[in-house]
Amino acid sequence: MASTRGFARPYWVALRYMIVATVVLGIAYPVAVLGIGQLALPAQANGSIVTVDGEPAGSSLIGQSFTDADGEALPQWFQSRPSAAGYDASASVASNYGPENPDFIAEIEARKAAIAASDGVDPADIPVDALTTSGSGLDPHISPAYANEQVARVADARGIPVARVQTLVDSFTQGRDLGFFGEPTVNVLQLNVALSQLEG
Amino acid sequence: MEAWLLVAQLATLVLVLAVIHRPLGDYLAWTFTSAKDFRVERGLYRVVGVDPDSEQSWGAYLRGVLAFSLIGVLFVYALQRLQAVLPYSLGFPAVPEGLSFNTAASFVANTNWQSYSPDVTLGYTVQIAGLAVQNFVSAGVGLAVAIALVRGFARRNTGTIGNFWVDLTRATLRILLPLAVVSAVVLIAGGVIQNFNGFTDVTTLTGGSATVPGGPVASQEAIKMLGNNGGGFYNTNSAHPFENPTPWTNLFEIVLMLAIPFSLPRTFGKMVGDTRQGYAILAAMGVLFVASLAALTAFEIGGAGTGPQLAGGAMEGKEQRFGIAASTLFATTSTITSTGAVNSMHDSFTSLGGMMTLFNMMLGEIAPGGIGAGLYGILIIAVITVFIAGLLVGRTPEYLGKKLGPREIKLASLYILATPTLVLVGTALSFAIPPIREDVESTSIWNPGLHGFTEVLYAFTSAANNNGSAFAGLTANTPWFNTALGLAMLFGRFIPIVLVLALAGSLAAQGKVPVTAGTLPTHRPQFVGLLVGVIVIVVALTYFPVLALGPLAEGLQ
Amino acid sequence: MSNLPSQIAAGLPGALRKLSPRLMWRNPVMFIVEVGAAFTTVLAIAQPFVGGSDSLAFTWAIAVWLWLTVLFANLAESVAEGRGKAQAATLRSTRTSTMAAKVVGYDPAGDPAALRASTQQVASADLTLGDTVVVVAGELIPGDGDIVDGIASIDESAITGESAPVVRESGGDRSAVTGGTRVLSDRVVVRITSKPGETFVDRMIRLVEGASRQKTPNEIALNILLASLSIVFLIVVLTLGPIAGYSDAAPSIAVMVALLVCLIPTTIGALLSAIGIAGMDRLVQHNVLAMSGRAVEAAGDVTTLLMDKTGTITYGNRRAAEFRTLDGVLAHELREAAALSSLSDPTPEGKSIVDLAATQGFERPASVDGEIVPFTAQTRMSGVDFADGRQIRKGAGSAVTAWAKETGTAGSTLFAELEESTDRIASLGGTPLVVAVREPGAPARLLGVVYLKDIVKEGMASRFAELRSMGIRTVMITGDNPLTAKAIAEEAGVDDYLAEATPEDKLALIRQEQEGGRLVAMTGDGTNDAPALAQADVGVAMNTGTSAAKEAGNMVDLDSDPTKLIDIVAIGKQLLITRGALTTFSIANDVAKYFAIIPAMFAAVFPGLGLLNIMGLHSPASAILSAVIFNALVIIALIPLALRGVKYRPMSASRILSRNILVYGLGGVIAPFIGIKIIDLVVSLIPGF
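Taken in order, these protein sequences are the chains called A, B and C.
Everything in the first sequence is counted per full-length UniProt numbering, starting at 1 for the first residue and increasing by one.
Everything in the second sequence is counted per full-length UniProt numbering, starting at 1 for the first residue and increasing by one.
Everything in the third sequence is counted per full-length UniProt numbering, starting at 1 for the first residue and increasing by one.
With the rest of the complex left out, here is chain A (with noise of 0.2 Å):
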């Protein structure tokens, strides 16, 4: 035990500290972690998985694109903000745009174009969510003033009433937490299940 005197003793405790520490803060926590969300919380612990017809269509947190396979908008769903990620939660990324970066000022342009187009609207009545890209590429969110603004072009697209849709679109507006946390959001994922069972 040579070795473990002098210079090298504070090493061969290091290492063998590690190998504890290893086995307790990252085997052993996590294992423990996952008993008991498994356990207590299993819906939330698995990703609080949405289904349709009892078959898994998303997490209720992980936002959804409603394009064709082209990527276009299709108008009969609601549609989530924009996403730097192209809502692949396989690879969660953010734009990163510089409130300068001539790219995102071409893209809040287009997209100005696009909705306004689509949607029948003032440009400048576009809500901003609708315009800028999420941090996470995967918001399950937009704001209820871009969901109020999609109602016609949805009930349009969908030949239902408007005053159908804006009810599904007001019960599934949620307020601020407490009411001062965050903002008013409305779940695109969850409001489109409902639209679909809306006319089923």
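Keep in mind the hints are simulated off the structure, nothing from the lab.
Yeah, the Cβ is synthetic: ideal placement off N, Cα and C, and Gly gets one too.
Incorrect hints may appear among the rest.
Calculated pairs, EDC-like style, for lysine to aspartate or glutamate (alpha carbon to alpha carbon, straight line, at most 16 Å) [what the hints assert, rightly or not]: (1) B:512 to C:513; (2) C:486 to C:500; (3) B:36 to B:51; (4) B:512 to C:515; (5) C:457 to C:491; (6) A:112 to A:122.
Residues from chain B that face chain A, not an exhaustive set, calculated with beta carbons under 8 Å [what the hints assert, rightly or not]: (7) 8; (8) 202; (9) 211; (10) 213; (11) 236; (12) 242.
Keeping the supplied structure of chain A fixed, place chains B and C upon it in accordance with the hints.
Chains B and C in isolation, oriented as in the chain A frame:
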């Protein structure tokens, strides 16, 4: 409206912290002063071969810190390099050498800078057995060093400042682990996942397919916040809905980031036998925090800049469920505590808003700063402040009864010299060496123009101050940034630790000068104001030119 | 003292000499400025050949003003040194070599006065430790020493400035003489106690010239802080080139040198050594010699002040305040007896008894027919034996009582009454002197008690209150009994007292205070004070004291005024405050300089930064030059403050801090905005700026 929301959220936060800081601070003080070892701790000491009753000189304490950290770097490096053969790796290959070094340095230095995108780089084993372990122990090291410095102030005429292994063990087992378990369960209740499911593909309403990721996120998220680490399980960190699903989990995570840093002044006051001293430090931290938060929020609500003006607000890179107020509260907390987690993208903030996150880090992570590191950082500035103020009242300056002579001032001066040097030299080298500049401008910088410069400045500021957040447009997974930022993180972490422990040793060896009417009082609002003034002036003078060439030039148009 | 402009003129040659890099190197902050000045000069010379972005006039202007900045700093030091030099010259004149009569084979026992021993004439410079010399009236004392035999009046004006001669005699605490002082009367034998070249005057010359000035711990610490701030700013400026290069906004080298010089703490860097020299100088002007700058600073840190009661708190002498008769004794009996026994008592106490009696109707007789009985330590009483056999005795209660009992006096109530009276006086802090008279053949008759009172100097209580507000605890040291000590301590307003103090007690008290982390200052003059003086953090020896005391202390008060300790404390504090104030001012100045220089550097490339030009400076060139000029002129402007020191008034640390932060912190932020603007208005008149 946003301003009102901010005030309400801040008031809630203050209330929560006001309630918890006292029991938590007292518990911390008890943890590090109690003579009793728990049975499980005694078992640990036997296994690793440590005598818990032996006190260490500052040199021995430092050797423990450095040995442990070196072993930690090697451990995390090895795990990444071996990823291909580890279980639960989700099929990811071994991490390349440069990136492995950067990540190992980053997590051991309590920085959690991520040059990689975890979603597509790391499997579960590296995350939990490598990174999460460092999330605990690097935080424990910071706490231990801070406590050693406090002992330096509290003790007299002694050659020892505690036992590193005991402090590390108690920090981890008595404080971080129990809090992390409880916090992880709370986070799961809010929707944070905890499973080993990998990626699940589902069929969407439109008939397309979507992916639901899995992972042991809650256990990682809890210690990531609590230990002011900040390294996200996912690439988009706490903006990701599985890391931070709701506005209330957002507040909970903010509380976790602030809980220990804002309780430590109480611990400090308790241990030096005068809680007023702790509250003065706390007040200085609080003033800086609130002022910075107010400025950042004002800039984001103002939404200046071509893009935000066109879009109708500064919502790029922000989540709808958080909005502006909950994003700026999180951003301020994260950058001013050395956590570096983000729930919104700082690169997309307004120019002056982004500058505030940068400024928070430039303060040196002291308001309240990282776990432990914040306390020792602000105590160093307090030493400098007391020195100048002490001269102003005509006495050889003394703080908490300890004379501040040439040795103490030398150590404190080197401390305040270290990080600015790393930040400025690192940034300058990125542009001074032609091939590097070529690479930085063509590969790494994402946003053109001044904003691109700010990305580089932010990277070095974040690394040297051990924050870990980024202007994330920067592609940092290049040989230059992996190496330079890796070194900046290690130097930014361990040079200050060497100096702090040396100072602790030098203070502990001193006697104590009694307080008289001629002693500069360091518990009054007067001193708090002076401390805040010195912090702001020193930081502003150091960084004014680079800020002028980045966010100021961009924002003042 | 001559006025400042002429002092500056006198200091100029020295300031130029100090430009030598070998000397500048010792002041890192100003060394950086000098390197910058040299560099800019080279740039200016080369500019016509290699070109540059700035105008030639601008580059030259920066170079010249940077040289002036260095020169002004050197000037501050030269002026401070110049003041000391004048004093040194006066002192040197006393050191002129004299011839001394050295005693060959001095025999202290057999021939203490060296009347029989042969002497030999040697030059004073050749005298060494342990030599013995004879000095007679009219001669200069050839070196520092102690009188071993004889008594003489000596003119010490050469070192103290005090023209009245002082008396020095062998034995006791008034035996030390200083080389260069003149014997006015009588003849003394002096044993030399200093080595050649290390006499008191030699040391004094070195001190006032600043030659032996060593940096104090506080000064070193401050230098470290200033150096590290300079390094931070050096890095800021060195990295600015490549960083600004990213935006193609790299400023010219001359501009970056200008920025660097404006940012580093030149104001305090330039004045730091002048402040230290001036601090010592102020002490010298108070006729106090500090053996090191460290002692001066320690004086500012003192938390406990030990003061001898006698001479410091009270007038040296007790005075008769009252005659207290015993039952059945007439007032005039006691008065007459006390006065008669004191007529030939030369001590101040004795005189005060006669004076008091005179005010109450005692008439001084032309002569007294009798024999004086002097006071001795054995009898502890004095008196007079008249030719008619009548005896009067006056002295300590126990001694006089014993004498009375010897003569057959009886009556326990009488003794009890007497004891009660003496105790009452003692408890008031007074000294009771019992007076008894004895007619021939009869037992002695106790008359009463003279109340000798210690008179506390006027204003002492308020000075101690001041000290208390500064956080300094005062402890009175006295040989009196605890009762007396307590009463005087209360009257004088000291915080504590040490009664019946022996030198060992004093030493123990100092050690005890120091163990609690306190810094102790004391004064002393006797040889038996030497250990305590050495132990104290600030030991002020009286110039009248013994060589041993002067050696042991770290300061010597030439006026031998023990209350000066309070002034010394104030001077120590003032020295530190001045350093702190100018450091604060220097750093606070940087804010305005940034607002002048940063927009000037970059507004051309980034017009938005023009918003930072809040002073509305005329042009980039004038803005930068104005900042540099301000930076140089502020040194000159602050030289008087550095030499005079920041005003110090005793008050709590908290209030001093508020005041100084307001003046030097806030003032330091605001002043340069105004100063730079005014200079810019002038510079803008120059064509090309």
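Okay, the hints, checked on the actual structure:
1. B:512 to C:513: 12 Å, holds
2. C:486 to C:500: Roughly 11 Å separates the two Cα atoms, so the pair holds.
3. B:36 to B:51: 13 Å, holds
4. B:512 to C:515: Holds. Residue 512 of chain B to residue 515 of chain C sits at ~9 Å (cutoff 16 Å).
5. C:457 to C:491: 10 Å, holds
6. A:112 to A:122: Holds, at about 9 Å.
7. 8: OK, holds: residue 8 of chain B within 8 Å of chain A, min 4 Å.
8. 202: 5 Å, holds
9. 211: Holds. Min distance 4 Å.
10. 213: 5 Å, holds
11. 236: 4 Å, holds
12. 242: 6 Å, holds
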